[in-house]
Amino acid sequence: MLSFFIIIIYLATGFLIPLIGLLKRKNSYIMALLASSIALIITIIAIPNVLFQGTIVKYMSGWPAPFGITLAVDSFNMIFISLATITNLMIVIYSKSRIKTWEVEYYSLLMLLFTGILGILHTGDLFNMYVFFEIMAISSYALVSFHKNKNALECAIKYLILGTFTSSFLLVGIALIYGITGTLTIANIAIIIASKKAIAVPIAFGLIFAGFAFKSSIAPFHYLKSDISQASMPQISAILASIVSMTAIYAILRLYFIIFNQIFIFNYILIVLGLLSMIIGSLMALKQKDILRMLGYSSIAQLGFVVLGFGMGAFVRQAYNAAIFHAINTVFIELLLFLTAGVLILKHNTSSLKELAGTGNKNKFLSIGFFVGAIANAGIPLTNGFASKWLLYTASLQINPIITLIAIFTSVITLAYSLKAYVVLFMSNTDTKKTILDKPTIIIITILISVCVALGIFYTAGLDISDISARSLLNRAQYIKEVLA
Amino acid sequence: MIKMISYTISFILMTLGIYTVLAKENLIKKIIGLTIFTNGIHLFLIALGYFQTTQTKIAPILTTLNTPIAETFANPLPQALVLTSIVIDLSITALAAALIIQIHKKFKTVSAKKLNRLKG
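In order, the protein sequences belong to chains E and D. Quick note, in my numbering, the first sequence goes up one by one and the last residue is 485. Quick note, in my numbering, the second sequence goes up one by one and the last residue is 1120.
None of these hints come from the bench; they were simulated from the model. Ideal Cβ placement from N, Cα and C applies to all residues, glycine included. Among these hints, one or two may not hold up.
What the simulated footprint calls covered on chain E by chain D, stretch by stretch (three residues with Cβ under 8 Å from a Cβ of chain D suffice, anywhere in the stretch; the number is not a length) [what the hints assert, rightly or not]: (1) 161-173; (2) 227-235.
Think about it this way: if two alpha-carbon atoms lie no more than 20 Å apart in a straight line, the pair counts; the simulated DMTMM-like pairs of lysine to aspartate or glutamate are [to be verified]: (3) D/K1119 to E/D290; (4) E/K150 to D/E1025; (5) D/K1119 to E/D438; (6) E/K354 to E/D464; (7) D/K1106 to D/E1025; (8) E/K347 to E/D438; (9) D/K1113 to D/E1025.
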């Protein structure tokens, strides 16, 4: 019940910032900080509720389930909601000393982006999901173009045209589903669609999948990801590589499990797409000469692991746990890598590895942060990346050893390019001055490092959480019953 | 009959829109193509909500009449969806136009082929 207010808080802040920002432009940061802190507190209060009550359902303006818009939260959503609110708070704090002009527009768009994310994560209505998806998409196009330099503008218009094109297919898919079933509530569609054997059902699922998969940038839709990473600001790249991709994957999985009730062939498609993302992402990252492009491709490879895990889950149950755990870990690892590298990138105003060489060699703290991110990205023991990847390896051994081989190969390549970036940034000799960090950045990076290490050492806690949320993802009957009650 | 004509026109519009987005070089033409594509989808949604009966259909407005007139209503839900979608489409077009103006200032061109600084 409580966590629904986060959407309202974000949306209200997004529109209040331009009004209050007229008085004093500095106010916009304080507003955004206040809203995201309240949202995080609400999330922390709401977590036990969800764990003990199961699915929490809210009917908008009092209309019961099949007629009005429903919002439904269970422990599978809750994981992603917590990740989104944590990411939001971190990005707001990180932006404080780095956004000196146009703060009002920046924070307003940032809050609207997270409104879209939180909306997708909460909603139990198909068309409502599309509306929030477009809110997220439009604010991300605007945020990508925020610099207004040549790269950003070129990337933003490409992203806008392709993004709108694919989300139009999503709308066609939703229209087809509505034509077949005559309802838009996800739980109700699931009941009605079971008795329909129309050829339009798999077509509709394909169209919806294409719409969401473009935003998640998994393998066949990866072509714009590295451009976006390079052209936008590092903190925006971090959001788009971590939580926006995860939200799109969440939407695919929620619809796949509830509405389409696991069409069996799609598990193989997920495995193939996951492997393809891993191979393409890691091999392309190896040859990049730009740190942000490298991290962009790296995030595709990590998403590949998550998708692979969800595909393998139908054969080995523990792969679901591993995939959810890896989704949590990936968000923190990507944030850590992008934000530590982002300090140097924004300071020196370039992202090419050649020009950045050695700029961090006097900065021990940043180098520790990037190092932990790099080894966690590759899955070295004692980091969170190892715990989830190890589970994925063992799960894949029970299906086909070739999958395990490809996964280990990907991890090795990840280690190679992560360490290459680390050596170039932090160990080459140059006489650049030390980059002075402000306190908020130090706090954020310390938190991210400790989360990465803590989840690696106390991985059983992370696995327990993943297990609970995997159980509620698989418990289709209960979700439908509680929403339609 | 009306329903079939609407479906046919909507699919023609969608195809035209997709063709325009993919084939045209000019960014403004691409945006026009996107709008045609979305309008095709809107027509498809509206046609879904139309029921074929002998009675004439009226707009779904709640009245105080006691007579059971609900059967004479067209389905109101797709119309609400299309209204929402039109607003989304408008905001995307506005943002795209703003971006194209900036691109024209910086690059002195609106051709998609000449925007090749970033290599995917």
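Hints versus structure:
Here the stretch 161-173 of chain E counts 6 residues with a CB under 8 Å from a CB of chain D, which clears the bar of 3, and the coverage holds. Counting residues of the stretch 227-235 of chain E whose beta-carbon sits less than 8 Å from any beta-carbon of chain D gives 3, enough to reach three: the coverage restraint holds. Taking the CA atoms of D/K1119 and E/D290, the gap is about 12 Å. The hint holds against a cut of 20 Å. The suggested pairing of E/K150 with D/E1025 holds, with an alpha-carbon distance near 19 Å, which does not exceed 20 Å.
Taken as a hint, the D/K1119 and E/D438 pair is broken in the structure, with Cα atoms around 34 Å apart against an allowance of 20 Å. For the proposed pair E/K354 and E/D464, the alpha carbon gap of about 43 Å is over 20 Å, so the pair is violated. The hinted pair formed by D/K1106 and D/E1025 meets the criterion: a straight-line CA distance of about 18 Å does not exceed 20 Å. Only pairs whose Cα atoms come within 20 Å are accepted, and E/K347 paired with E/D438 is accepted, the gap being roughly 12 Å.
Between D/K1113 and D/E1025 the CA atoms are separated by roughly 6 Å; this keeps the pair inside 20 Å, and the hint holds.
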